[in-house]
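Chemist: Here is how the chains run, residue by residue.
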Amino acid sequence: MLRRAVLQTFRQGLAQSFFKRYAVSLTETTVTHQPIETSDEAGERTVPTQKTGDESGNTVVVAPPEFRFIYPEFLPDPAMERRNRLREKLERMDMLQRRSVIEIPEFYTGSIMAVTVADANSPNKFARFVGICIQRGGSGLRAWFILRNVVDKQGVEILYEMYCPLIQKIEVLRLERRLDESLLYLRDALPEYSTFPMDMEPERRLNNSVVPINPLKVKLRPRPWLERWERQNLQGVEDLNLPQRFYDRAEKVAKPWEKYDLMLHYRKTIPAEEQEKIFAEVHSQLQQQELKRKLRRRRGSDNEY
Amino acid sequence: MSTLGLLRTLFNPKIVTPNAIQLQSLNRTPFLVGLFFNHDQIRTMSRVKRRTTHPPYWHVLKNNQRTDEKISSDNLRFVQEVIQDKYKNKSPIKGSDLDIEKTEWDPKTKRSGVIARNIGVQHMWEKDGKKVICTVLHVLDNHVIRYVPPEEYAKSVIGAKMFKNRKPLGCLVVGAEASNPERFTRQYCSLFDEVGLLPKKRLARFIVTPNAALPPCTPLTAGHFVIGQAVDVYGKTIDYGFQGVVKRWGFKGGPASHGTTKFHRRGGTIGTGRDKARVWPGQKMPGHMGSERRFNRGLKIVRINMKYNIIYVKGTVPGPTNSIVQIFDTALPRRKFTEAPPHPTYFPPEDGTLPQEDIWDSSLHVFGSPSISV
Numbered sequence: 001m002l003r004r005a006v007l008q009t010f011r012q013g014l015a016q017s018f019f020k021r022y023a024v025s026l027t028e029t030t031v032t033h034q035p036i037e038t039s040d041e042a043g044e045r046t047v048p049t050q051k052t053g054d055e056s057g058n059t060v061v062v063a064p065p066e067f068r069f070i071y072p073e074f075l076p077d078p079a080m081e082r083r084n085r086l087r088e089k090l091e092r093m094d095m096l097q098r099r100s101v102i103e104i105p106e107f108y109t110g111s112i113m114a115v116t117v118a119d120a121n122s123p124n125k126f127a128r129f130v131g132i133c134i135q136r137g138g139s140g141l142r143a144w145f146i147l148r149n150v151v152d153k154q155g156v157e158i159l160y161e162m163y164c165p166l167i168q169k170i171e172v173l174r175l176e177r178r179l180d181e182s183l184l185y186l187r188d189a190l191p192e193y194s195t196f197p198m199d200m201e202p203e204r205r206l207n208n209s210v211v212p213i214n215p216l217k218v219k220l221r222p223r224p225w226l227e228r229w230e231r232q233n234l235q236g237v238e239d240l241n242l243p244q245r246f247y248d249r250a251e252k253v254a255k256p257w258e259k260y261d262l263m264l265h266y267r268k269t270i271p272a273e274e275q276e277k278i279f280a281e282v283h284s285q286l287q288q289q290e291l292k293r294k295l296r297r298r299r300g301s302d303n304e305y
Numbered sequence: 001m002s003t004l005g006l007l008r009t010l011f012n013p014k015i016v017t018p019n020a021i022q023l024q025s026l027n028r029t030p031f032l033v034g035l036f037f038n039h040d041q042i043r044t045m046s047r048v049k050r051r052t053t054h055p056p057y058w059h060v061l062k063n064n065q066r067t068d069e070k071i072s073s074d075n076l077r078f079v080q081e082v083i084q085d086k087y088k089n090k091s092p093i094k095g096s097d098l099d100i101e102k103t104e105w106d107p108k109t110k111r112s113g114v115i116a117r118n119i120g121v122q123h124m125w126e127k128d129g130k131k132v133i134c135t136v137l138h139v140l141d142n143h144v145i146r147y148v149p150p151e152e153y154a155k156s157v158i159g160a161k162m163f164k165n166r167k168p169l170g171c172l173v174v175g176a177e178a179s180n181p182e183r184f185t186r187q188y189c190s191l192f193d194e195v196g197l198l199p200k201k202r203l204a205r206f207i208v209t210p211n212a213a214l215p216p217c218t219p220l221t222a223g224h225f226v227i228g229q230a231v232d233v234y235g236k237t238i239d240y241g242f243q244g245v246v247k248r249w250g251f252k253g254g255p256a257s258h259g260t261t262k263f264h265r266r267g268g269t270i271g272t273g274r275d276k277a278r279v280w281p282g283q284k285m286p287g288h289m290g291s292e293r294r295f296n297r298g299l300k301i302v303r304i305n306m307k308y309n310i311i312y313v314k315g316t317v318p319g320p321t322n323s324i325v326q327i328f329d330t331a332l333p334r335r336k337f338t339e340a341p342p343h344p345t346y347f348p349p350e351d352g353t354l355p356q357e358d359i360w361d362s363s364l365h366v367f368g369s370p371s372i373s374v
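Residue numbers (UniProt numbering), protein chains in the order written: chain L, 1 to 305; chain R, 1 to 374.
Derived by calculation from the structure, the hints in this document are not laboratory data.
Predicted model, so just to flag it, every value in this text is computed and none were measured.
Heads up, some of the hints might be wrong.
Sample of chain L residues at the chain R side, in silico, Cβ under 10 Å [unchecked claim]:
| hint | residue |
| --- | --- |
| 1 | Arg82 |
| 2 | Leu96 |
| 3 | Ser100 |
| 4 | Val101 |
| 5 | Asp119 |
| 6 | Gly140 |
| 7 | Arg142 |
Reference excerpt, derived from the structure (chain L facing chain R, CB under 7 Å, subset only) [what the hints assert, rightly or not]:
| hint | residue |
| --- | --- |
| 8 | Leu86 |
| 9 | Arg87 |
| 10 | Glu91 |
| 11 | Asp94 |
| 12 | Gln97 |
| 13 | Arg98 |
| 14 | Ala118 |
| 15 | Ala120 |
| 16 | Lys125 |
| 17 | Leu141 |
| 18 | Pro165 |
All C-beta atoms in this analysis are idealised placements derived from N, C-alpha and C, irrespective of residue type, glycine included.
Here chain R stands alone, though its shape is the one from the complex (with noise of 0.2 Å):
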């Protein structure tokens, strides 16, 4: 075996990120590349399909794929009375309402994550004056769809690839961003039949553990995250379509003048003559870039608006502005929970105080209070 292959073999770490739907190997170990080979690279990547335009092959045809049927206003008005008929008798669950054990938190838990929406950046300034850019996530209306206990979702294809070797956990379906059912097919709208939700436009899968368990049609709100914990957010990055090397890979380019004929913004060379004599797997150059999923790890949530469900969250996270992006307890070893949160989900205090509406952390400055005095 060459050099490279036995390389391969001893450094091929499997990291499986634990609230992945789908799995990614890590095989590129830019450091042991640099250190004994300075030309060749690790191409194990290149014959990964990264992105696909059609939604998994389990999943059921979404929209209403009918135009516009010429339908008497009588029987549209029908239509909305069978829909109201339908999804009317849903009342919000109080903490008091569920049916599951109160089950304790341990630092081995894993919690339900929240399907949220980038709504843009906010400046705001911490107690010595630096700025800090926060991104401002708005928690849409979660509900809790179905669980999946351990044993089950370990059946399926994608729990069995996860828990290959690993002890199997639960894993909550959660939507958010209620919808007019006219806009959904009968089989989408099925999926919400057992709990007589609205259906939604966002469906999430959230890995828990069993005691982090939570039953259908509960609410997740942002006062289900901690101020001051660490967060990972997974969003899909921002399509830039097809982009040259320059933008996609950095590339310097040419010189822009100086007599340059047509080579401004190209890549060069691709290859040489001698090893290997071909382009390379994986061999840089332009094509499409962004829209891939991606993870922010170990932003800070800085500030949690009760009342409208706002997260201030430190940092930037993955997406362009309105996109959705899905916001669980961090991954980080170093940044977990040393105390209990709420657990399994936050339920507003039964005696009917509503809780504080504007939380911050203590390193913020608040905008209400006197300015600062170095």
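This is chain L alone, in the form it adopts within the complex (with noise of 0.2 Å):
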């Protein structure tokens, strides 16, 4: 509901700027103002970077509008006491900095990551851990996730700071979305949905351009739970069958009115003019290193042969 909001407002904001600035061509611009699905896909990756003029006819660089989805770590915690301007632009080169030399890849709760990190305790002296990210969270340098596997019929848990530089690689085996946000109701799930393999092969897709939703609805296992899911609107879940009584609390303490509380929102997010200058600013080097990559893969693939 909120990212649906916020994804508005974007928008919004991007057409405001577009009729502000008088477009180059129309041709240039139709490809990103294409109306985005309004259900929680990502958007196209293969859209190229908007160049819109400006009112004074130079061209003003707007990074394209998913990049708040592959890099939300860029944008800084919205509390205001704590916010500061320059210290975030410096955190933001110090990630670029780390960026440069470790590719972190594009991934969503739900996807399927392998973390290497360096560990001296291993015999290999690195660690290498399969799982399903549960959680993403943290801004700037303390960005993390958590991934999640049964290892030996054993729910494991680990929780990964992004730019720690003990990492080694990360990898995404399968990208894709669930209808969750968050999920920690995993905890509660049947085993066989958090089992994944620990030498599973990264996974090809298909279509390169549109990030899948999992629709899986998770069986739960009987009662008592972790936490009170049927009070979280779930939507990965399957019939929680609890008896009414459960419900009729959950509607008690449910706050209907917080949708509808646009100082809130607003207090919890970046204004959408801001993010578009953070990005901007960040996008072109985050351009480049995803050149060299690609340049890089494409040798070695050239040199297998």
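Two chains, two frames, some hints: make the complex.
Modeler: Next up, the structure:
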């Protein structure tokens, strides 16, 4: 709900800027301004950089709108008491430096990933863990994600800090999304939903432009649960089959007015104009890094033959 | 005299922090209290006023008290022109333009400090992969306003108190954050008239030895400090307002349930009925918490960014984000300089070679370098 509202304001911001600046050519801009699907799909991956003309005639570089979903940790923590533009800018520079050394791929909660970390206590000094990403958060250099897997019938979750220099490699084995932003309910689900083989191979995607949404509905174990899942409006869980009193209590406790509280959502997000500025700042370097990696991969595949 | 009184006179050290403007006497000796008395507390600090909302009496009125006068646009433009004329003839001082004698650094030198803004916290990693919390301090546009020689400073109220039984030291008045003169009163702007600088929002005094004196209008930058050195940071702690006894003093309060009636976060008993039969001064109670002057000592500088004038310091400093702090060389005896730092301050090299923009401490992992393999 929140993301849809934010998506719409972001689109409005783009549309306004489109009308403000006289477009150089209509063909350039129509590609990016096709209405994005209101369901939570990521935008086109092959969309080129939008370069619109300013009133003065100078080109203004604007990052593609899907950067918000691919690189969400570049946006700072919205709490106003702790914000400072200069520090955020310096942090972004450090993040780009780290990204130039290691590839941090695009991933979402629900994607299956493998992370290799330098570990002094391992036999080969490296430890590799495969798991499904159940949550991601943090901003800047503090960005983290949690991977979950079931190893020898024991559920294991590991929190990785994305910019920690001990991480050697982050691979996305299956890039997909689920119906919820947080999959913490997998802790109370049947173990087969969290089990992934440790030697899983990276899967090739048929359609490179759209990140698929896995409409899987997970079956939960019988109660007791770690959280009151009936109060959280989960989409990716099968019918909970609870007695009616649980749902009545959930209704009493619910805050249905929050979705109308514009100031609450405003305080929890970075305004669209600022997001545009931030991504415009980092976007050229990120694109350069991606190009270099593509070249390296192509050269590597050429060398194979 | 009572035993308590005797103990108070014997163990009553007055610790004078060298760079503090006000004296603070530390009369609490909890070790001894615990040894001889387990229920009395030395409460000499209870009568001392810890914070005021008004400035000291010798301060001139700073902010312009006038409400928006209805001035015509022509007059406004004229005011702007006058301001520009007054302040435009200022050239930056280079190292060679200084008219001070080239003084030598010795271990007893006290250098100037610097006014900075705490702009937040950034996480960095050491070379073995250990995460370190570093505070990012942005050194504002510091300029020396005036130097007060030791003899003159010892005559002032604060100087007399500070150097009562000690050799007097000089005082450097440093200002930071140049601002529009229209915001301030004429008396406040007159403080900067001698140097011809735009009035600064913040002023600070740093106690220096005469050999570290600086002429007025000298800029102080992040290069004043050395990588790996220890610094003390002075700031005012976060203002929590009126706080209860649990948050303010760490009391445990009462049980949350099991039939407790209205006793969850209260203090409980405040005295015995026998001894002295009254509430002792200094009894811990709810009240204002925070907004106090504190020093965090011995913080190590791990990274300096010369381009943006940023210092990264290992650890945290007093005060909230975006608050002003003062940084100076540490007073801790074992972490002082062994080699000469930039003395009296850092000046960019005269042959035009730009200094290294981003300097890292050897213990830190640089972000652009390859991942750590243990």
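Chemist: If a hint holds in the structure, say so; if it does not, say that too.
Modeler: Against the structure, the hints come out as follows:
Taking 10 Å as the C-beta contact cut-off toward chain R, the hint placing L:Arg82 at the interface holds, the least distance being around 5 Å. The interface hint given for L:Leu96 holds, since its Cβ lies 9 Å from the closest Cβ of chain R, which is under the 10 Å cut-off. Proximity of L:Ser100 to chain R holds as hinted, the smallest CB-CB distance being about 6 Å (cut-off 10 Å). With a cut of 10 Å, the hint placing L:Val101 at the interface with chain R holds, because the nearest CB-to-CB distance is about 6 Å.
Interface restraint check: L:Asp119 against chain R, minimum CB-CB distance 7 Å, threshold 10 Å, status holds. The closest approach between the C-beta of L:Gly140 and any C-beta of chain R is roughly 8 Å, which is under the 10 Å cut-off, so the hint is satisfied. Given hint, L:Arg142 at the interface with chain R, holds; its Cβ is 6 Å from that chain's nearest Cβ, closer than 10 Å. Here the hint on L:Leu86 is kept, as its CB sits about 6 Å from the closest CB of chain R, short of 7 Å.
At its closest, the beta carbon of L:Arg87 sits 4 Å from a beta carbon of chain R; the interface hint therefore holds under the 7 Å criterion. Checking L:Glu91 against chain R by beta carbon gives a least distance of about 6 Å; that is within 7 Å, so the hint holds. Taking 7 Å as the C-beta contact cut-off toward chain R, the hint placing L:Asp94 at the interface holds, the least distance being around 5 Å. About 4 Å separates the beta-carbon of L:Gln97 from the nearest beta-carbon of chain R, less than 7 Å, and the hint is met.
For L:Arg98, the interface hint holds, the least distance from its beta-carbon to any beta-carbon of chain R being 5 Å, beneath 7 Å. For L:Ala118, the suggested interface contact is upheld, since its CB lies about 5 Å from the closest CB of chain R, less than 7 Å. Here the hint on L:Ala120 is kept, as its CB sits about 4 Å from the closest CB of chain R, short of 7 Å. A cut of 7 Å between beta carbons decides the hint on L:Lys125: the least distance to chain R is about 6 Å, and the hint holds.
The restraint placing L:Leu141 at the interface with chain R holds, with a minimum CB-CB distance near 5 Å, inside the 7 Å limit. Taking 7 Å as the C-beta cut-off, the interface hint given for L:Pro165 holds, the closest approach to chain R being about 5 Å.
Against the hints set out earlier in the document, no violation occurs for any number.
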